[in-house]
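Novice: Going down the list, the protein sequences come from chains L and G. Per our numbering, residue 102 is the first one in the first sequence, and the count goes up by one each step. Per our numbering, residue 182 is the first one in the second sequence, and the count goes up by one each step.
Since the hints were made in silico from the structure, they are not lab data. There's no promise every hint is true.
Below, simulated DSS-like cross-link-like pairs (lysine-lysine); rule was C-alpha separation at most 30 Å, straight line [as the list claims (entries may be wrong)]:
| id | chain 1 | residue 1 | chain 2 | residue 2 |
| --- | --- | --- | --- | --- |
| 1 | G | Lys247 | G | Lys392 |
| 2 | G | Lys400 | L | Lys299 |
| 3 | G | Lys400 | G | Lys487 |
| 4 | G | Lys255 | G | Lys296 |
| 5 | G | Lys348 | G | Lys457 |
| 6 | L | Lys303 | G | Lys400 |
| 7 | G | Lys348 | G | Lys363 |
| 8 | G | Lys407 | G | Lys296 |
| 9 | G | Lys198 | L | Lys221 |
| 10 | G | Lys409 | G | Lys196 |
| 11 | L | Lys213 | G | Lys468 |
| 12 | G | Lys432 | G | Lys487 |
| 13 | G | Lys297 | L | Lys303 |
| 14 | L | Lys299 | G | Lys247 |
| 15 | G | Lys297 | L | Lys213 |
| 16 | L | Lys215 | G | Lys407 |
| 17 | G | Lys392 | G | Lys409 |
| 18 | L | Lys303 | G | Lys294 |
A short, non-exhaustive set of chain G residues, derived as facing chain L with CB atoms under 10 Å [unchecked claim]:
| id | residue |
| --- | --- |
| 19 | Ile283 |
| 20 | Pro287 |
| 21 | Ala347 |
The following label-pair restraints were derived from C-beta to C-beta distances [what the hints assert, rightly or not]:
| id | chain 1 | residue 1 | chain 2 | residue 2 | range |
| --- | --- | --- | --- | --- | --- |
| 22 | G | Lys520 | L | Lys115 | 50 to 60 Å |
| 23 | L | Ser296 | G | Glu240 | 47 to 57 Å |
| 24 | L | Ser296 | G | Glu539 | 24 to 34 Å |
From the three backbone atoms N, C-alpha and C, an ideal C-beta is built for every residue, glycine too.
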Amino acid sequence: MNKKGVFEDIIMKKSIFKKTIEIVIFVVFLFFLFTPLFSTIIWSVALVWYWPHTLPQKVGFDYWLQALGITKSLTLGAVNVVPAFLLSLGIAMIVVIITMAIAIPAGYALAKLKIPALLKGMILILFLLPRAFPQQPVFVNLMLMFNKIGLTGTVSGVILVHLVVGLVFAVWITASTFSSIPPELEEAARSVGASRLKAFLKVTLPLSAPGLVASAVFVFLTSMDEFTGTFFVGLPFVTTLPMTLYSASGSNIQFASVTAILLLIPSIIFMIVIQKFLKAEHLGGMGG
Amino acid sequence: MAILKVDNLSKNFGKVKAVQEVSFEATEGRVLSLLGPSGCGKTTTLRCIAGFENPDRGEIYLDDRKITPTPPEKRGIGMVFQNYALWPHMTVYGNLAFGLQIRKVPKDEITKKIKKILGMVQLEGYENRYPRQMSGGQQQRIAMARALVFEPEIMLLDEPLSNLDAKLREEMRFEFTELQKKLGITAVYVTHDQAEALVISDKIVILDQGKIVQSGTPKEIYSNPKNKFVAGFIAVTSFIDGKIDSFTEGKKKVMVKTDEGLVIHSFNHSFDIGQKVSVAMRMSVIKFIQDQNKSDKSTANIFKGKIIQSSYLGNTIDYKIRMGKWEIRTNAEAKYDFKLGEEVTFHLPPEDIIVTRES
Chain L
102 MNKKGVFEDI
112 IMKKSIFKKT
122 IEIVIFVVFL
132 FFLFTPLFST
142 IIWSVALVWY
152 WPHTLPQKVG
162 FDYWLQALGI
172 TKSLTLGAVN
182 VVPAFLLSLG
192 IAMIVVIITM
202 AIAIPAGYAL
212 AKLKIPALLK
222 GMILILFLLP
232 RAFPQQPVFV
242 NLMLMFNKIG
252 LTGTVSGVIL
262 VHLVVGLVFA
272 VWITASTFSS
282 IPPELEEAAR
292 SVGASRLKAF
302 LKVTLPLSAP
312 GLVASAVFVF
322 LTSMDEFTGT
332 FFVGLPFVTT
342 LPMTLYSASG
352 SNIQFASVTA
362 ILLLIPSIIF
372 MIVIQKFLKA
382 EHLGGMGG
Chain G
182 MAILKVDNLS
192 KNFGKVKAVQ
202 EVSFEATEGR
212 VLSLLGPSGC
222 GKTTTLRCIA
232 GFENPDRGEI
242 YLDDRKITPT
252 PPEKRGIGMV
262 FQNYALWPHM
272 TVYGNLAFGL
282 QIRKVPKDEI
292 TKKIKKILGM
302 VQLEGYENRY
312 PRQMSGGQQQ
322 RIAMARALVF
332 EPEIMLLDEP
342 LSNLDAKLRE
352 EMRFEFTELQ
362 KKLGITAVYV
372 THDQAEALVI
382 SDKIVILDQG
392 KIVQSGTPKE
402 IYSNPKNKFV
412 AGFIAVTSFI
422 DGKIDSFTEG
432 KKKVMVKTDE
442 GLVIHSFNHS
452 FDIGQKVSVA
462 MRMSVIKFIQ
472 DQNKSDKSTA
482 NIFKGKIIQS
492 SYLGNTIDYK
502 IRMGKWEIRT
512 NAEAKYDFKL
522 GEEVTFHLPP
532 EDIIVTRES
């Protein structure tokens, strides 16, 4: 065997070794990612499943039909979750709209206007503050405050709580998105005759769309999943999907699984949306 | 086309005095360069003209119209940015059309104007490209086209060529000059590159620490730098400090004497006896004398020194020569092949060296 052959052999061995490691990591990853999901999916259709059986003895969509309100059995211990799902969806959408309406101007101001560094830091910390403490005490206090003004147990109260949670992420993400856009792009627009507003709408806004969409999706998902705040402020009158999931999770695994999967659906749809926009960001990369 | 007048402009950033009492006038249809090292205030001055910074004091006039508090979009000034600042989400057409659309120019006229300006910057048929699909030089031309397509009164350029490689930069200098002459537009050009400023300018304003040090035509500044700073900026590489010792030939010539007693002859630029000056030398002014007997009889400005550094550049060699406490850099033909530490004799022709004020 000549020298070159030996080298190629080593490189080949190395690449096989590398590939093996890559595959192992990938499989472990998939395992961690999908095993709970598979287990949830199987549980959602398991009617009878006792130890030591690997798979359920009896499979059926009874819990699904019950949860989606198609059947109305009194024996299954599962209720119609469609109203809760729609409520969660509605709250999430309103939260996204209000949050973005606040976060876009706030983020823009923090990123682009000449605000003293100290003030800027204080504003950002102010937005972070609700997350800087343990959540339960914060929300318990919020509940007490809301009690006084009659906001507990109302949808508006729950929306306000979700806003507190969502604004943190939204302001930070939009501020960093806006500051990643070179100021000359807006200046160039103004030098050719665009007003400040027009320069923002035609240059900065389209260029920051990926970051803004990402932040909106994040807020949406946070609101869909929000538990602690809703628990203290919303219950027992406002029952969002996570509340339903919580009350089912102790006693009724099948019903809890159905609820969990329903909660996952919007997340998955939005992840696909994010993916698409993140690619757009790639395309819109700054030339130079 | 217009005359730009900057009158007594000052701008501070906190405690930093970025621009101090700067006044100049850019003549109609000519190129004025603001030249200086980074941090000298040239970009701040330009940004004040564009309207992106508000000056603390002073006024700016376009023709006789005061533009100082006007927002940038209402000034009608085209600007070319250092990093081009093309909008990455728009095609070349979109980039060029934006300013025209704002001015409500009809669509077919926009298309016509874009076609014409693309022809001028030699990028016909590039309408549908995105900036990222073009080279740096092409992006630069589009940036210039964008600043010109809406027919502004004057054009500002902020180090427009500094991101290009050396060869392209030289080509683009000529292209810019050609385009500017063809359109006859008044231009203010910011650069830290003296060679660039000399090639493209009709007038150069040299700034240092926010103040104007000297202004004049490229020729005036090159041949008669006002002080050591300007000389150092305009390609002077070596200095010998001394005092004016005496005049000869009826004040036409001066003799400069250094502390160690070296005497250097040169031409007078209205100095006084005893005034502190600096003798400035560009690369390759030194004439080596290999055979002492061959040289002319005069011994004026003939010195001895020691080679302390040499860099071989192919057809030439760069030497650093130590002469007393002074170091002189020179560029010699490759036939002068000296060794390190070798003692050399050389002549400083009085007409090629410049005597300048120390500060």
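Novice: Each of the hints needs a verdict: does it hold here or not?
Specialist: Each hint tested on the structure:
no.	hint	result
1	Lys247(G) - Lys392(G)	holds, 22 Å
2	Lys400(G) - Lys299(L)	violated, 45 Å
3	Lys400(G) - Lys487(G)	violated, 33 Å
4	Lys255(G) - Lys296(G)	holds, 25 Å
5	Lys348(G) - Lys457(G)	violated, 40 Å
6	Lys303(L) - Lys400(G)	violated, 45 Å
7	Lys348(G) - Lys363(G)	holds, 23 Å
8	Lys407(G) - Lys296(G)	violated, 46 Å
9	Lys198(G) - Lys221(L)	holds, 25 Å
10	Lys409(G) - Lys196(G)	holds, 27 Å
11	Lys213(L) - Lys468(G)	violated, 57 Å
12	Lys432(G) - Lys487(G)	violated, 33 Å
13	Lys297(G) - Lys303(L)	holds, 25 Å
14	Lys299(L) - Lys247(G)	holds, 25 Å
15	Lys297(G) - Lys213(L)	violated, 36 Å
16	Lys215(L) - Lys407(G)	violated, 39 Å
17	Lys392(G) - Lys409(G)	holds, 15 Å
18	Lys303(L) - Lys294(G)	holds, 21 Å
19	Ile283	holds, 4 Å
20	Pro287	violated, 16 Å
21	Ala347	violated, 18 Å
22	Lys520(G) - Lys115(L): 50 to 60 Å	holds, 51 Å
23	Ser296(L) - Glu240(G): 47 to 57 Å	violated, 24 Å
24	Ser296(L) - Glu539(G): 24 to 34 Å	violated, 51 Å
In the structure shown, a violation is registered for the earlier hints numbered 2, 3, 5, 6, 8, 11, 12, 15, 16, 20, 21, 23, 24, in ascending order.
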